[in-house]
Amino acid sequence: MKAMERPEARGVEATGVLTVDCDVHPHFEQGLKDLLPYLPSSWRRRLGVGLESSWSGDVYASRFSLPKNVLYINPVGALRRDSYPPDGSIPGSDPAYVRQQLLEGAGVDRAVLLGGDVFGLGALPDPDLAAAVASAYNDWLTERWLEFDDRFRGALVVAPQDPAPAAREIDRVAGRPGMVEVMLPLTNLLMGDRHYYPIYEAAEHHGLPIGCHVNSVDGVFVKGPQLAGGVFTYYTEWHAALTEVYHANVISLVCQGVFERFPGLKVVIAEGGFAWLPDVLWRLDRNYQALRDEVPWLKRLPSQYVFDHLRFTTQPMPEPARPEHLATLCEVIEAGRTLLFSSDYPHWDFDNPAVALNRLPEAIRDRVRGRNAAELFGDRL
Amino acid sequence: MARHVVCRVDELPEGGRRIVDVGGRSIGVFHVDGRYYAIRNVCPHMGAPLCLGTVGGTMLPSEPHTYTYGLENRILRCPWHGYEFDLETGRPPFGTYPLRVRIYPVRVEGDQVVIEA
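Protein chains in written order, with the working numbering: chain A, 1 to 381; chain B, 1001 to 1117.
A portion of the hints provided could be inaccurate.
[What the hints assert, rightly or not] Where chain B lies over chain A, by a calculated footprint (3+ residues, C-beta under 8 Å):
id : region
1  : 96-105
2  : 345-351
3  : 354-367
[To be verified] Each pair of labels, with its calculated beta carbon distance range:
id : chain 1 : residue 1 : chain 2 : residue 2 : range
4  : A       : Arg359    : B       : Thr1096   : 42 to 52 Å
5  : A       : Glu147    : B       : Tyr1097   : 40 to 50 Å
6  : B       : Pro1061   : A       : Leu71     : 23 to 33 Å
7  : A       : Glu324    : B       : Arg1102   : 48 to 58 Å
8  : A       : Pro361    : B       : Glu1116   : 49 to 59 Å
No wet-lab data here; the hints were simulated from the structure. None of these values were measured; they are calculated from a predicted model. Note that CB positions come from ideal geometry on N, CA and C, so glycine has one too.
Build out the structure end to end from the sequences listed, making use of the hints.
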């Protein structure tokens, strides 16, 4: 294999197209304590945040944190080793350092921020507590990130447990400059379930796509999305299987007729890659020919709903041994309109735009780099 | 290939590393377990600054459900994705995937650390 030169980061001046990174993770500096200024006193008390005598005290068993993967150990560590700021703080927690390393260092012109610490919100058993955390997070995101640099874009978070207050939260926050998406942490209810419809209605009303992201609680918490077949032993097994959740949710969204009910709704599937998608499309389309009368509200082939309403972020970019296989894959999933670039900064499986984009067929490279995102987010970008 | 002085010997103590620019090429020089290694500072997978990674060992090939740690201080692990490279060969240990990083001869001349690059 030829020795690799350090790829050069190129921003919009060089490419003529905005590089839009649709999956970047801001992290808290000190866990839930970061949300203290944004939580009403009753919820501080309930969470025990900052109160020595309660849940967040020093005894491990009583310390409260949001649900996350606590079973599987990534031997590489979950974060890019060079993404720790010089002061040793947590990667992704310092907006200035993210600006320096990702926006300027990697040539990213817009970074869509998906809360790295709130993916697991849907696995919380208490719907009211989850809603309080979501609201506080949205205010934190606005003040600390969106107001810091006008290249940051935000995905407001809703708690999926109780859809009516979640819809009100969308109404409360959607108008803020820089908000481009509604992040829906998943639960053990599939996304086509009518439970979610008030959330979809509000998102459609405000012209915001719904985003979902692998939750880190998948198959770990009872109220998180479940993985198929059983419980894995190793991180590498669990990580490779996370796309199962997206198989299930894409099928559910399409077959339940969500896009007939909400024709303006778009859904972004983040951090799932896309190599699993052809099988889902082909199975759904084949079934439709025989089984359409079970779901007669579907007026078109299922794959057409996917191409029109679903968007997929690239990372982790599939790396087949033969590049033409990636080109064929892109053709099957109509990547020229469905695929959005993402890096997953600052996580360990970061995709560098200067390398990952160049592996795609040239004809769709600019679409994936930023044009598809510009169509999706419109003026909000 | 030409001779380049990296630094004085006392500037690269045991366990240390230096990253130097040699004619536009970034190269990491390591001093571990009494040996010196020089390796290109670009990961062939995604272009990461490889030499900011950790130096340590790795699990040796073993029977299922058993672990044997070895090759301590021989493995440079990329700071982004954790890809492993043997400092002696520039290749993944045990030849498990077809990537290769350029390595360079290093020697001590008097009180200087020198590479051929």
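Evaluation of the provided hints:
Counting residues of the region 96-105 of chain A whose beta carbon lies closer than 8 Å to any beta carbon of chain B gives 0, which falls short of the minimum of three for the stated coverage. Remark: the region 345-351 of chain A is confirmed as covered by chain B, as 4 of its residues place a Cβ nearer than 8 Å to a Cβ of that chain, reaching the required three. Counting residues of the region 354-367 of chain A whose beta carbon lies closer than 8 Å to any beta carbon of chain B gives 3, which reaches the threshold of three, so the coverage claim holds. Arg359 (chain A) and Thr1096 (chain B) have their C-beta atoms about 21 Å apart, which leaves the hinted 42 to 52 Å range violated.
Separated by about 44 Å at the C-beta atoms, Glu147 (chain A) and Tyr1097 (chain B) satisfy the suggested range of 40 to 50 Å. Distance hint for Pro1061 (chain B) and Leu71 (chain A): a CB-CB separation of about 26 Å, consistent with the stated range 23 to 33 Å. Restraint check, Glu324 (chain A) to Arg1102 (chain B): a C-beta distance of roughly 28 Å breaks the suggested window 48 to 58 Å. Between Pro361 (chain A) and Glu1116 (chain B) the beta carbons are some 40 Å apart, a value that contradicts the proposed interval 49 to 59 Å.
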